[in-house]
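Protein sequence lines, in the order shown, are assigned to chains E and W.
Mapping the first sequence onto this note's numbering, position 600 (from 1) lands on 600, and the numbers just tick up by one.
Mapping the second sequence onto this note's numbering, position 87 (from 1) lands on 87, and the numbers just tick up by one.
Bear in mind the hints are in silico, worked out from the structure with no lab data behind them.
These figures come from a predicted structure and were not determined experimentally.
C-beta atoms are modelled at their ideal positions from N, C-alpha and C, and glycine is treated no differently.
Be careful, since some hints might not be right.
Computed Cβ-Cβ distance ranges for the label pairs, DEER-style [to be verified]:
| id | chain 1 | residue 1 | chain 2 | residue 2 | range |
| --- | --- | --- | --- | --- | --- |
| 1 | W | G61 | E | A260 | 55 to 65 Å |
| 2 | W | R132 | E | P166 | 43 to 53 Å |
| 3 | W | R69 | E | L237 | 30 to 40 Å |
| 4 | W | Q128 | E | L22 | 27 to 37 Å |
| 5 | E | P193 | W | Q128 | 39 to 49 Å |
| 6 | E | V240 | W | G61 | 31 to 41 Å |
| 7 | W | G18 | E | A107 | 48 to 58 Å |
| 8 | W | N42 | E | A107 | 51 to 61 Å |
Here are a few chain E residues that sit away from chain W, every Cβ distance over 10 Å (derived from the structure) [stated by the list, open to error]:
| id | residue |
| --- | --- |
| 9 | L54 |
| 10 | L250 |
| 11 | S397 |
Incomplete in silico selection of chain E near chain W, CB under 8 Å [to be verified]:
| id | residue |
| --- | --- |
| 12 | V4 |
| 13 | D12 |
| 14 | K76 |
| 15 | R82 |
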Amino acid sequence: MFLVHLWKEWRDHRMLVLAQMLIVAVGSGLIVWLTGDPDTGGEAQRMLAPAVLLLASVTTLLLGGDLVAGELRRGKHRLLSRLPDAVPRAFLAKVVALVLSGVVAAAVGLLSAELVWRSVGTGGLDLWTSETWLGGSAWILVAFPIVAVWTLAASCWIRQGSLALPGAVIVLGVVLLPFAWIVRWHPDIRPLPFDLVAVPAVIGVAGLVAAYRSFTRGLRFGGGGASAIAVLPLALLLCVPAWGLGYRRLVQWTTVRPEAQSFQIGEVLLGEGGRFAFVEARNSSDHWTKPPYRTLAVNLRDGSWRDTGVSWEDGDALMTPAFAAPDCQYRTVAIGGAGGPRLFLDGRTGRDGARLSTSADRQAGQGRLRELARETSSLTFDGGRKAWFHRGVLEVSGDDGQVEPVPWNPLDRPLHPCGDGFLFRPANKSSGSPRYFDLNLMTQVEPDWPWWECSVLIRKDRWIVSRRSGDSAPVLWNPLRRTFEEAPFLEKNDRVIAVLGSGDLVVGAPVGDGGKERLTLVSPHTAVRTRLLFEDLSPAETLRLPLGRSAWTTPEEDPVLVLDSEEGQGYGRLDRSGGRIDRLLIRMSVYDRFVACIDKETALIVTDDGHALARARFSSDEVEILFPR
Amino acid sequence: MNRSCSPLQAVGIEKHFGKKVVLGRLDFELPVGQVTVLLGRNGAGKTTLIRLCLGTERPTGGQLRILGRDPVKHASEVRRRIGFVPDVPDAYDWMTARDWFRFLRPHFPGFSMKRAIALSDSLAVPLQTPFRALSRGQATKAMLVGAVAHAPELLLLDEPFAGLDPLAHDDVLRAIISEYRAGERTVLLTTHDLEVASRVADRIAMLDGGRIVRELAPDELEERSASGSLPAQLRHEMAESVEVG
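Chain E extracted, bound-state conformation (with noise of 0.2 Å):
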């Protein structure tokens, strides 16, 4: 019975096919004649085959308006729903004509456009690439089903063809609408390989069953208009699931849920007293790109949290001026995004202290965290000056207390504070060659050593190059000179590892054969060497600064460092009072990180693989999740 109402939909509708059929060739070759430069090679092909397929679609498609709608507009519909199981036979034979049409058209399209290639260009047109098909032609071969499926509605309801196609497209905006907006206010948004399948699907489906209903239930719904009333709200109802979808992932884009396994937690920061922590965080493994950081305010007494409500894509959200305070915890926490609202948060109650979200706020908002910034900078240079980051620029404040910036090429990324100095990482980590920036002259420094051999420690009026292997003693950099001295007060083999407050560099300098490194106390300026009251380091054991920033201290000021062992990276506490190093952490993965001490004897730590936020104590295995609870 299929057959017959296929070979009905061939007799009643051959002329319009036949017509879409040359329209499609003469289209498409005249495409590759006006378009198809053979000598621009893959672009151009790449664009041929989804204009082809676009065309063949839009053609295959108004002929579908009339598949239905001539039918009804002819009154055939009445001897269809007399006849026995007719209609649904004939609805069937319908959509399988569009399809094949649709097919064929393409195909003849194609054909077209590669013969026409063959005689204007040299050699065939090399169609059959994966850049091809996964490109704009995967778009149209995806929405041709769809669109044509709500164009039998359509036509359905309408009922004259050339207007079908209008028709669904403005339906299918209605349906899409709820996406659109999606994406207008989440341009980053992805969708997942199960949503582009599911939503597609469920829009088809629904599609489907409203044409599939009116078409078989037209005469009893009366007039098209009353056949739309009657069908419309039960296809809306079947989108429900694809918007359900995509209503989840927004929440998934927007919200962070501590509990789920794909949960990560990024920068954090210590608020004064050790109370709150200010936590960036997203569930990342939802989406196919990362969702923007949410910044939170958590309560590590009880666990509790809340999300401040401001996000920023590209992470970062937390805007504490970048110089820290020596005991890494802050009074005040500054958070915002990219054009959006800006945040003060209080460190010690976590409570906001202002929201800026107007212009003129904004434009207030930005000298207050200038304002932070340069009140909580340590660095100060000889004569006064004083030097902070603002939003990812360096600024200096003038002679006059007038701030300049500073121009930052060809460095072109954030500097890293470091002790009374800075420690910059290369700019082209690719050349091989380091390049370190001398904040006082603003100029680079190029010692001619590999850059991953090399540590930097700056002080205020000299640099340190340390290298970290190899027979060479540790340098130093004459920003007046411009050139690289030795450095009387260090010997042979000593590693630099850190500056303390008063200027004396803590030093690793190797005992005996052993390969053990003893920690050394040596002041620049008499030369003078004392041995801390430190154990040694084994052979294994390497203390040094975190990568791109100072040591952390304690209240008390004791620094805290990074412990480089064969177990893996911990940290380890030099207890000044007590001579020894407490040890913290060994085994550690490469998202747990040390956050700050929140007093001398615990510090705030990321563990289980950066899900959640920890209290370890120095010198035990003890480790106390605080969040997620």
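Model the placement of chain W on the given structure of chain E, informed by the hints.
Coordinates of chain W only, in the frame set by chain E:
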């Protein structure tokens, strides 16, 4: 007659289109193997009753059974067992009579192409001419052949003579008479043509205002035919019934 054997049983059938009542509590029954003519003026509800029988319209109230089945709930089964000729031939105009039979055949398991061709020959229906080129009478006869080629248990004819010229009228009438006499088929023919009614009816029902206002049984018809011109008497009866109604 056994009531359960009636191919059409209508009990209290109502059909409203909005506020307009087309059929109002209609009780009607077709006897097996007879030609029943449903007489009524335009708008009396004849076509609506036929559509209810075909299951393309749903009654507003009452109970309708066609061949013992609900024509809406069991539409496919009912439609396979009945034949229908509309007032205006509505086959696709590019189809020939042969195409039309070919199109109908898969819908009706009992459809006999051989029988359709034979009937077409006997009724002088051109098989190779598209419907758009057939005369109205030829097209109606082709529809009639298509309607009976699957040997339906009930044949519904919805004013097949409407719009026919006198010659075609007689031609179609002869075709119907020859067809219904060929088998023990129950026929319901709606018309407002009293001449046709008097020539083919075994039984006549008069429909007006959505109700059967008068029924004439076969013996009554025979009696009246013997006593004079039946069409004239029917006209009188109709006028009288409508006034009473």
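* To do: Just double-check L250(E) for me: nearest Cβ-Cβ distance to chain W has to come out over 10 Å.
  => 44 Å, holds
Fill in: Hint check, V4(E) versus chain W [nearest Cβ-Cβ separation less than 8 Å]
5 Å, holds
ask   = Does the Cβ-Cβ separation between N42(W) and A107(E) fall within 51 to 61 Å?
value = 54 Å, holds
- prompt: Is 43 to 53 Å a correct range for the gap between the Cβ atoms of R132(W) and P166(E)?
  reply: Violated, at about 32 Å.
Exercise. Do the numbers back the hint for K76(E), that is, is its least Cβ distance to chain W under 8 Å?
Worked result: 7 Å, holds
Inset, instruction - Given the range 39 to 49 Å, decide if the beta-carbon distance of P193(E) to Q128(W) lies inside it. - result: 57 Å, violated
*Minimum Cβ distance from R82(E) to chain W below 8 Å?*
5 Å, holds
request  = Taking the shortest Cβ-to-Cβ distance between S397(E) and chain W, state whether it exceeds 10 Å.
outcome  = 84 Å, holds
* Asked: Would you say L54(E) is clear of chain W, with no C-beta pair closer than or equal to 10 Å?
  -> It holds; L54(E) is separated from chain W by about 32 Å at its closest Cβ, greater than 10 Å.
query = Regarding G18(W) and A107(E), is the given constraint of 48 to 58 Å on their beta-carbon distance met?
reply = With Cβ atoms ~50 Å apart, the hint holds.
(message) For the hint 31 to 41 Å, verify it against the beta carbon of V240(E) and that of G61(W).
(response) Distance hint for V240(E), G61(W) holds at roughly 35 Å.
- Task: Note whether the CB distance of Q128(W) and L22(E) lies within 27 to 37 Å or breaks it.
- Result: 29 Å, holds
In summary, the numbered hints that this structure violates are 2 and 5.
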